[in-house]
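Visitor: What follows is the residue order along each chain.
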Amino acid sequence: MTELYDAPVAARDDDAPVIDAQDIRIWYGSERGPVKAVDGVSFSLRKGEILGLVGESGCGKSTIGRGLLGLLPPGAEMDGALRFKGEDLLALPKKEMFAKRGAELGMIFQEPLTRLNPLMRISEHFEETLRTHEKSIGKEEIQRRALEVLRLMGIPPTRYRSYPHEFSGGMRQRLMIALALVLRPAFVVADEPTTALDVLVEAQIIRILHSLRSEFETSLLLITHNLGIIAEACDRVAVMYAGEIVEIGDAREVFSDPQHPYTRELLRSTISLSTTGLSFIPGAPPDLVNPPTGCHFHPRCPDAMNICATRHPVQHEMPNGTRVQCWAADLAHGRAPDLTEDDTAPLVREEISVADEA
Amino acid sequence: MLNRLLAPFRNTTGLARWILVTGIVITIAFVVMAVFAPWIAPLDFNQQKVDGVKLPKLAAPSDDYWFGTSDQFYDVFSRVIWGARTALVVVTLSVLFSVLIGVPLGLISGFVGGWTDRMLVFVMDALYAFPTLLLAIVFSFLLRDALGGGVTAAALSLTVIYIPQYFRVVRNTTVSARESTYVEAARAIGAKNSSIMGRYLFGNVIQSVPVIGTLNAADAIGTLAALGFLGFGIQPNEASEWGYDLNRALDDASSGIWWTALFPGLAIVFLITGLTLVGEGLNETVNPSLRKRRIRKVEMPPNEPTTALVEGRTR
Amino acid sequence: MQTKRDVTATGESLVDIRDLEVHFELRGGMFKRLLGMDTGTVKAVDGVNISLKRGEVLGLVGESGSGKTTLGRAMLGLARSSKGSITYHERGGEGQTRERVVSQLKGADLRSLRTDLQMVFQDPNAALNPSMTIEAAVGHPLKIHGIAKGEELRPRVAAALERVGLAPAEQFMSKYPADLSGGQKQRAVIARAIILDPEVLVADEPVSMLDMSVRAKILQLMVDLKKDLGLTYVYITHDLASAKFFCDRIAIMYLGRVVEIGPTEEIFADPKHPYTKALLKAIPEPDPNKMVPRDLPRGEIPDAAKPPLGCSFHPRCPEAVAECGWESRDLRVLLEEHWTRQETTSYEEEQALVGSLDRLDDPQKTVTLGSGADSARVRGLLDRIRQENPSEPLWTGVDEISETGDGVEVRFHQGFDPELRPSGGVEVACVLHPKPVTVEPYRSE
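Going down the list, the protein sequences come from chains A, B and C. Sequence positions in the first sequence follow the numbering used here and run 1 to 358. Sequence positions in the second sequence follow the numbering used here and run 359 to 673. Sequence positions in the third sequence follow the numbering used here and run 674 to 1118.
Be a bit skeptical, because a hint or two may be false.
Ranges of calculated distance between the beta carbons of each label pair, as one might list FRET restraints [claimed, not checked]:
no., chain 1, residue 1, chain 2, residue 2, range
1, C, 1073, A, 279, 56 to 66 Å
2, A, 136, C, 1019, 27 to 37 Å
3, C, 1025, A, 118, 41 to 51 Å
4, B, 376, A, 350, 42 to 52 Å
5, C, 897, B, 534, 29 to 39 Å
6, B, 376, A, 94, 22 to 32 Å
No wet-lab data here; the hints were simulated from the structure. From the three backbone atoms N, C-alpha and C, an ideal C-beta is built for every residue, glycine too.
All chains should be built: construct the whole structure from the sequences, respecting the hints.
Guide: This is the structure:
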């Protein structure tokens, strides 16, 4: 039964993006050379908007999530431009970044049980969170705010003094979300928040995430590998492959009219209730130390042309509003006027050996 | 295969690597001393005469006798060198025996569980609670009649002390590994229990054994010396032993004779230190939670804009 | 490896599961164990009757705690059955069958069954021994059962590897699991399972830990193997979408029981059990025009050690009726839900009125709230709650509310634990099915 589609957030006067990321790169050092986990990612988020970041393992989506919050492990280098409400996050000294985390930048993780201290009651968790950012806050005020946000998450006040292990999986995730939101951060990163949960509970949590925009006006970056969740919960979606965003745009547009071959193949290979035949993408995700030349997807792309192996495509906007980096899409919509016959001839490549199949 | 062994080693950061290297260098020096003793040592360990002439008694270090001589007309330098051989042989044997007994017991106990496990854990904990030196002395007594006062007896006296450590570590690792999916998979393909223990669990539960082995060896050197000091260790006519020499040197100290005590003492200290460094270094290398990934610096070339509507360029 | 004829489901029963129960002892808290008190049992599988037919793909679908994984393991003898039986009809030479009661076999007898009943595991990273090469791991079953050894192993292992798509086999033989990708590891696990040429393959969530684009590859492999090797599958999953694609018959499980079982088309075309309906609605589809449905069951899977009275699904069921087994714990949930909608001040007042909710944790058909003095106000509270949401199913289960000297007594109707009954092509365990046939009064024209 289809429900009314919630209208996407309309453009408003105070429309400056909450998060504006330009050309973010995150590289790790390794024996063989730098691992380009994220290699030139740009996006922006407005107030109350939910952007879904989807891709398979190794595409860099979790890395970006952590990078935005300054939670990268030592040895990772990040560069590019990252502005949060106009302020340059990359230039901030560590102490200020620490202060921002929790209060203005929130994070929701995948496994709630491992992120909660089993020896502390819920009330103590809230006390710790609130006191870290507002040193002189009183106990009643803490309780008031905590109960308020718990109520919004559907957690009864009778549980305020319970321990984390007394909660079930779904309630723990709601608890995590409550803790992340109690300080009303403007921007929250949710990294695979429902992957460890059952289907029915997953649906409950997605509802909650969805309601965040109206209750809290939070901007949410939802990172997941599950396309169904993206379709249900997000206003816009960015598809990542090998450390880059290959397609980004309004969720309805991307799903109904995908422009990038990877997006198309990903949608086709997703098994849903309407699947009648199996299809999959041959080959395996590329090595991030030495990605393929030109477009990183070309060895596996059904629409690959000669130019795809030599020159990296540039992101262009398509007629339906999505931004894509793909020569074939450019060609189809007249964005690449000076490609030669030779450039556009289909790419002849050696068959992907069975040994390279994932 | 060699690459796999050396890979974690190559990934160590400064401090851990220096610890390991220093320890290895020291230990190897002693190993060389032990192996090549007949060639390095000018005299035999219980040689009191050279060409029929008795050695001077308690002579100070000189060109003839680098470390001086002892009150029993022995050359201290030679005894230190031969002592290295004794120490390393005894310690290697005892650690080897401990491993051969402790590891399989731990594996079986952890896998089988139940009353067997409880009994063995109880016995091992009791053994572990005993003061090590006391235990060694007791066993030394017991074995003296059967095996005499030589290297084997000393090694066996030390063996029992260290069995509980291997038992405990291997048993605990086995208990957690026993629940892994690959063990269940082994059952699913019909493997017998002995096969599961030997082929599936064994390789995965012994990672800590080398570390414990080296640290045990370090401890064993000290215990052996203590036994020798107290007179329970290797008898002087069997082999040269540093602890025994220290005991003989006690009286000398009051007369201002320092060389009979200093050099054996230094030998003990250095060898123990060397082995401990190897053990700790290995721990840092092999233990993934302690291992600090070697952080490699990343140089990023200047950023080329990707969103500008500029024609594509070669990456 | 020979290719058998594709064995289509012939209706011949391969494995019979009768009244199966698998219990696990709970390790209670420290005190309970010290004092030797009863620490509770979890009935992971609580009375299951299924016949696995030769050549079919039977899906066991459920969420965590449904017992599907335990059932799969019990079928192979990897989990000990506490009650009931599992019988495997082994095909001997000349078409005879021999009955082997798996649930009673031990030791070498049980191990001999492994040539016929095999398993594919969920986590490819954990299912392979990290210190064995692929060749050793995949060849080990042959060694164990004495089918081949030494030099004979290599060609058979190579054949198995090629069969699962790890080709050229030589490239993979000497590798360790750590060198392979997730999909490749899972293929190796499948190779190890089929090298003994089994009859039945129990696949426990074989693709749920793999990426989307790799899932299809492995599922396709399983489909091909079924055709080529004449396998019968038990496919355990929480993903209804892949179950719909792959399975002939599906059993929906909840808290150790089968709540609905039938042919795939029937289940999806006309789901009957409220839980099945909820699962279908809740599947996230990659279609942005579909929003999250609003009328999903509330709450989560209950504690299996103390399951709800009556039908285990009733506390969450949007279609529950009077005889579904209402009890005191449902009243607690009702009160707590009410309080999540209240302001803190009214919550505190009402909470003081009702007193501690802990006495509601002991499952009872009759329970008393509040104390003698305030029974009128407690009654008023209950009435208010009812007015807020009159369609709450709990109220259908209330038999009587009366004010006694000790407070307000709430009595619920007697509940029933429904059995699987046939209803329109499937079997359902729900008091609502089969739907009573209403006889229209004869109308004369």
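Visitor: Does each hint hold? Answer for all of them.
Guide: Cross-check of the supplied hints:
no., hint, verdict
1, C:1073 / A:279: 56 to 66 Å, "holds, 60 Å"
2, A:136 / C:1019: 27 to 37 Å, "holds, 29 Å"
3, C:1025 / A:118: 41 to 51 Å, "violated, 30 Å"
4, B:376 / A:350: 42 to 52 Å, "holds, 48 Å"
5, C:897 / B:534: 29 to 39 Å, "holds, 37 Å"
6, B:376 / A:94: 22 to 32 Å, "holds, 29 Å"
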